[in-house]
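Visitor: Protein chains in written order, with our numbering: chain A, 1 to 747; chain B, 748 to 1031; chain C, 1032 to 1188.
Keep in mind that the hints were calculated from the coordinates and are not lab data.
We put the beta carbon where it would ideally sit given N, CA and C, even for glycine.
No more than 27 Å apart at the CA atoms, straight line, and that leaves these computed lysine-lysine pairs for DSS-like:
| hint | chain 1 | residue 1 | chain 2 | residue 2 |
| --- | --- | --- | --- | --- |
| 1 | B | Lys900 | A | Lys123 |
| 2 | C | Lys1083 | B | Lys803 |
| 3 | B | Lys988 | A | Lys747 |
Derived coverage of chain C by chain A (criterion: at least 3 residues anywhere in the stretch with Cβ under 8 Å from a Cβ of chain A; other residues may be distant):
| hint | stretch |
| --- | --- |
| 4 | 1049 to 1055 |
| 5 | 1073 to 1086 |
| 6 | 1103 to 1111 |
| 7 | 1134 to 1142 |
Over 10 Å on every C-beta distance to chain A, these chain C residues come out as not near it, computed from the model:
| hint | residue |
| --- | --- |
| 8 | Phe1046 |
| 9 | Ala1182 |
| 10 | Met1184 |
| 11 | Ala1187 |
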Amino acid sequence: MAFDEKKSTFDVIGSRPLRPDGLDKVTGRAKFGADAYAPGMLHAAVVRSPHAHARIVKIDTSKAEAMKGVKAVVTRADFATGLKGENWNILENVMAGEKALYDGHAVAAVAATSALAAKDAMKAIEVTYEVLPHVTDVDEAMKEGAPVIREGAVSPGTPEGMHPNVVGYHESGHGDVDKGFAEADLVIEDTFKTEATHQGYIEPHACLAQMGNDGKGEVWCCTQGHFNVAKVCAHLLGTDASQIRVTASEIGGGFGGKTAVFIEPVALALSKKSNRPVKLVMSRSEVFRATGPTSSTSMDVKIGMKKDGTITAASGVFRLQGGAFPGSPAEFTAMCSFAPYNLENVKQIGWDVMTNRPKQAAYRAPGSPMAAFAVESVIDTLCNELGLDPLEVRLKNCSKTGTRANFGITWDQIGLEETLLQAQAHPHYSAPLGPNQGRGISCGFWFNHGGETAVSLALSEDGTVSVSVGTPDIGGSRASMGMMAAEELGIPYEKVRTTIADTATLGYNEISHGSRVTYASGLATIEAARDTIRKLCKRAAAKWGIDEDAVIWEDGCAKPSGPNAGEFEPMTLQQIARKMGATGGPIVGHYEATPEGAGVSFATHIVDAEVDQETGSTSITRYTVVQDAGKAIHPSYVEGQFQGGAAQGIGWALNEEYIYGEDGRLQNAGFLDYRIPVASDLPMIDCVIVEVPNPGHPYGVRGVGETSICPPLAAIANAVSNAVGIRMKQLPMSPPRILAALDAEGK
Amino acid sequence: MQFHTPDTFEEASRLLAAETGTARVLAGGTDVLVQLRSDIVVPDTLVDIKRIEGVKEIVGENGGWRIGAAVSGAELSEHRQVKAEWPGIVEALDLVGSTQIQGRCTLTGNLCNASPAADSVPAMIAAGATVSITGPNGTREAKVEDIPVSPGKTSLSPGEIVSSVFLPARGANGGDAYLRFIPRTEMDIAVVGASVSMNVEGGKVASARVALGAVAPTALLVEDAAAAIIGTSLDDDAMAKLAAAASAACNPISDKRGTIEFRTRVAGVLARRAAKIAYERATS
Amino acid sequence: MIHVTTSVNGDEMEFVCDPRETLLDALRDRLQLTGAKEGCGTGDCGACSVTKDGRLVCACLVLAAEAEGSEIGTVEGIAEGEDLHVLQQKFLEHAALQCGICTPGILVATKALLEKNPNPTETEVRYWLAGNLCRCTGYDKIIRAVMDAAAEMREAA
Chain A
1 MAFDEKKSTF DVIGSRPLRP DGLDKVTGRA KFGADAYAPG MLHAAVVRSP HAHARIVKID
61 TSKAEAMKGV KAVVTRADFA TGLKGENWNI LENVMAGEKA LYDGHAVAAV AATSALAAKD
121 AMKAIEVTYE VLPHVTDVDE AMKEGAPVIR EGAVSPGTPE GMHPNVVGYH ESGHGDVDKG
181 FAEADLVIED TFKTEATHQG YIEPHACLAQ MGNDGKGEVW CCTQGHFNVA KVCAHLLGTD
241 ASQIRVTASE IGGGFGGKTA VFIEPVALAL SKKSNRPVKL VMSRSEVFRA TGPTSSTSMD
301 VKIGMKKDGT ITAASGVFRL QGGAFPGSPA EFTAMCSFAP YNLENVKQIG WDVMTNRPKQ
361 AAYRAPGSPM AAFAVESVID TLCNELGLDP LEVRLKNCSK TGTRANFGIT WDQIGLEETL
421 LQAQAHPHYS APLGPNQGRG ISCGFWFNHG GETAVSLALS EDGTVSVSVG TPDIGGSRAS
481 MGMMAAEELG IPYEKVRTTI ADTATLGYNE ISHGSRVTYA SGLATIEAAR DTIRKLCKRA
541 AAKWGIDEDA VIWEDGCAKP SGPNAGEFEP MTLQQIARKM GATGGPIVGH YEATPEGAGV
601 SFATHIVDAE VDQETGSTSI TRYTVVQDAG KAIHPSYVEG QFQGGAAQGI GWALNEEYIY
661 GEDGRLQNAG FLDYRIPVAS DLPMIDCVIV EVPNPGHPYG VRGVGETSIC PPLAAIANAV
721 SNAVGIRMKQ LPMSPPRILA ALDAEGK
Chain B
748 MQFHTPDTFE EASRLLAAET GTARVLAGGT DVLVQLRSDI VVPDTLVDIK RIEGVKEIVG
808 ENGGWRIGAA VSGAELSEHR QVKAEWPGIV EALDLVGSTQ IQGRCTLTGN LCNASPAADS
868 VPAMIAAGAT VSITGPNGTR EAKVEDIPVS PGKTSLSPGE IVSSVFLPAR GANGGDAYLR
928 FIPRTEMDIA VVGASVSMNV EGGKVASARV ALGAVAPTAL LVEDAAAAII GTSLDDDAMA
988 KLAAAASAAC NPISDKRGTI EFRTRVAGVL ARRAAKIAYE RATS
Chain C
1032 MIHVTTSVNG DEMEFVCDPR ETLLDALRDR LQLTGAKEGC GTGDCGACSV TKDGRLVCAC
1092 LVLAAEAEGS EIGTVEGIAE GEDLHVLQQK FLEHAALQCG ICTPGILVAT KALLEKNPNP
1152 TETEVRYWLA GNLCRCTGYD KIIRAVMDAA AEMREAA
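So that you can see chain A by itself, here it is in the shape it has in the complex (with noise of 0.2 Å):
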C-alpha cells in the first residue's frame, strides 16, 4: 500500500479492546506519583504563605534544621539566579522570592526522616512578613489604584495607559460590526461572570527526586508532560536537561492541571541538599491553593440578529484573571467565542489581568467554555425574544467547511452542522419536559493541537511488537496506539505492548496537552509502524533477491507486488522478525515530527435541568452530548471523554467554584466545600459519535479530550434560564444565586 494512503476501512480501529494497563488499575498495583519508595528515602514538606500578598521580611529556619530527623531545608536561596521570561515565572512561583503573591505560595521546603517529621518541621520555620494590600477580582485587578502585584509583567501589544496588573491584549475579527448591529432587528447585549474552578484530580501532585552534586537527578512524577519537567528542573536548579531523567508515574487525572511544574524542582533541590532521594506529596488543600485552577472571568457580549434568526454582528469583550502571573487563556478565550458561527462582522477583544491568587493553569481548552457561556447565553436570549427554535438558528448560522472563521482561518473539513443535524434528530431534543424543567443547547469549539512527537516502534524476535511513546496516558492512550499500531502492521492488537517511555529514552515530546495524543502521538506511530513496515519489506526484498519497491505489505505479511515481481510465499511478521539477526540486525521504526494537522472539533449537548423553585437547586435531569471525533480509535475512551467533559461542565456551571475571602484566603482548599459532582448528582451521559474526518491524520482522528467541556456551561444555563424563565449571568449558578434572582423579578 502506499505509505500516504488515508485509511477508511479497518479491522482494529473502532473496535473496544481492553486496556493494556487496565488489569495494574483494577488490583491496585497501578503505581501512581505517590506510591514510589526508595531506600533512605525522606519526606518533605513545603511552608506556604497565609497572604494573598506580602513582602517577605525574614525566614528563620534554625528552630526547623535542630529538629531530630531533618536533613535538608530549602529557601528561594537555593535555586538558580538570572533567569529570564518564563524560566523566572515558574521559578518565581514554585518557590517565591521577595513577596508572596497569593494565599499558599510556597515559601520554603523541609525534608526529614519521616513524613510526620517534616509536617512538624516545617511549622517550626519562622516566615516574618509585611502583609501588603490584595486584590482577587478581575474587574477591581483593571481599576486605577488597585493594588500592583509586580510591574513589568506586560506583553508587547497590550494598549499603553493600563494598570499594571493589565498584562495582556488580544484583538481579532473582520468586517463592520456597528454596520452589522444597525442591519439587526434585535441586538442584545450582557455582562456574564464566572468564577474559577479547579481541575480536580483526584490524584495530588507527587514526586521522588535524587539529585548528587555532580547535576544528574531522577524524578519520577505524575505529569501530563515528564519532558517538560525534566527541562523545567534543569533551568531552576541550573544543570542540563540531559542530566535530568524523568519518568512519568501513571497519573490520576490532570485535564490540564499537570501541564505545570511545582514541586519536582523543590524535591531535586531537598535531594542535593541533603543527598538523600526525596518524596514530595501535595496535601489536597495545597492542591487547591496552590497549583492552577483556571481563570475567573468577566465578560461583554453583544449580538444582533434579524426575525429570519440570521446573526448580523456579534462582539465581545472577554476579562480574565491568570493569577499572579501573565498567561491566562485570554486569546484562546476570544477566538473561541464566536467561533462556531459564519459571521459578516464580528469582534472579539480580551484581556490578560494578573490578581492575587495562585498562577492559572490549563484546564480542559483553556478560555473557551467560558466565552461559549456568555455567547451562547445571549444567542439564546435572541432565540426567546424573536421566538425561535434555538437548534434552528444555530444550524442556519453555524461554521461549516470553507467558511472564514470569527479569527481570520478558512475552516477545513468540520463537523459542526453534523453535529447539530444530530442533535434536532435525536429523541432527547424533542422529549417532552416535566414541571419545573428547562432545556438547553449549546455548541462549543475548540482547536486541538499537534506539537513536538516521538514515537520509537521495536520488533521482538517472536513477532511482537513495542511502542515507546512519549506523551503520558492520561485517559486511555496507549490502548489507543496500541490498536493504531496493530492496524497498520496487520498483526492483532494483543501483540503490541505500548509504554510510557522515561525522558532518556526517547526524542523531545511535548506535554499531553491540547488533545493531542490520540492525533499526534498516534499520527506518529502509525508513521513509525510505516517506517518498520520499509525495513519488513527491505528484508523480504533481499531474501527474495528482488527489488524493495517490488514488495508490498499486506494483512501482515510482506508479498511479492505482482506477478512481475515474482513468485514468493507470503513472509509473515513472524517469519521475517525471527530471522532479523541475522539479516541485518534489529528492525526499529520511527517517527519523529512537529504535526501541524491537528484537526479543530466542534460539538452540540442537550441538557435538561429541573429548578426546585423554593430553594434554588438544580438537578440535571437528561444529558447528551453529540461530538465530532473525526475517527473514533477505541469508541469507549471517546465516549468517556465526552461524559466526563460534561460532567466536569456540571459541576462548573451549578456549584464549584474558589470562594476568597475578604483577607484573600482561599476558604474552601478541600473537596468539602469544593464541590465536584458526586455519582447521586449525574443522570446517565449519552453519547453520540459523530466522524467527520480529519484531512490531518491518516485515519481522520481528531482530538475529543477537550471540546466536551466546551458546551456545558452554556448549555446548562440556558436549560436553568429557561426552567426559571430568568436569564442566569453568573456563574456557578448556586442554589443562592438561583434564589435570589427569583427574588429579584418577584417570582
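Fit chains B and C to the known structure of chain A by using the hints.
Guide: Using the frame of chain A, we list chains B and C on its own:
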C-alpha cells in the same frame, strides 16, 4: 499525642481530666481525625472509647432506646425498630457524609463536635432526646439541646464524657422527619436543617417539637414553630405560620455555604416539608 | 510509638506507628500496600476506601492504632489469585476507568455494596458511591459496570 484505650467510662473520664493540654475522645473519628490532620486540633491526649463494654449496643429502656456512644450510623440504620420509631433521627445521622463515614460516625460524636450544622442534632432535639454523661463527679443526664453552647464548644466540663444517647418512648401516632438543604445530593455540610417530631390525635397535631440546624450558633428548638401546628391538621395557614416562625427564629451567618437570606428563607421551606412527612408518618 | 497487630486481606501483619498515623499511612508506608490512595485525607473522596471488620470506611479517617486486632480488607485482596473478581472484570470491559486513581476505592466500596445488597437499583448504586469521587468518567460507565457485575453475580449465585 498520647493514645489510650480505656475499658470503662470512669477510666476514660480520669484520663481526660488528667490532661492539662488538649484532650479529645475518639469514637468514630470522622471529625477528630479531620481536625488532627488539618492541624485544627492536635490533642495531647486522645481517648479511644471503643473498647469500653456496651458502647456499640442499642438497648430498649423504658419504652425508648439507649444508644451506645460508639454505635455507628450504619449500625443505627440497620436497627429496624429504632428506624421504625425514629426514622427522622436515623435518616438525619444517615445524611452525615458518605457510606464510608457511616461506617464510623456516631450520634454522640455528631453532638459533641458541636457544629451548628450537625444533621442529627436537630433531629435529636425534636425528639426530646437526652444523653448520659460520666464525669469526675459521677454520672448525670442532660437534654441534647443543652450540650452545644457555640460552634465547637459544649457544656461538658473537663473530664466529662457522653456515654450514650437516650431516645424517649415514641408514644402513639408519633412521627418525625429531618430534612436538610445541601447544594449537591450528598457529601455536603447542611446549609439549613429542619426537624419536626409530633404526635397526632384525631387527625390533629397533639404535640410537636421543631428544631433547626445551621441557622444559628447552635441548633435551635423553635417553640413558636411547634405552636403554629399544634391543634391543626397542617392546613395551608398552619404551614405558612410554621414556615414564618421557623424563618423568624433564624440567626444565621453568610458564609461559603449560603447567605443569611437563603438560610432564613429555606429554613421555613424545609420546616414545612419536614412537618408534612412527620405528619404522614404519624398518621400512617 | 505503638505496636499494632492486625489482619490485612487475611494475612497477619505487624507494624509500629506514631499515634498520629492513620491506617492509610500504615497500609501504604509501613506495609507497602499502596492500592488505597490518598486523594484528600479528609474523608471526602473515598480513594482510600477499605473495609474494617466488614464495614466500609475511609482509611484516612481511621488511626493506625485502631487497627489492633481488626480485619482489614483492601483492593489488593479482591482478586483470588490470578482470577479477577467479577467487578474487576466488568470495570475493564465497560471501560469504567480512565486514570484509575479512584478505581481501587470504588471497587472496595461496590464489593461491600453487593455483599449487602445483591440487587441494587441505579439510584442505590449512585448514592452508595456518592463518597467515591471520580473526576474522569462522569460515573456513567462505572454505574453500568456495577449493574452488570451485580446481574452476573446474581446469576452465578
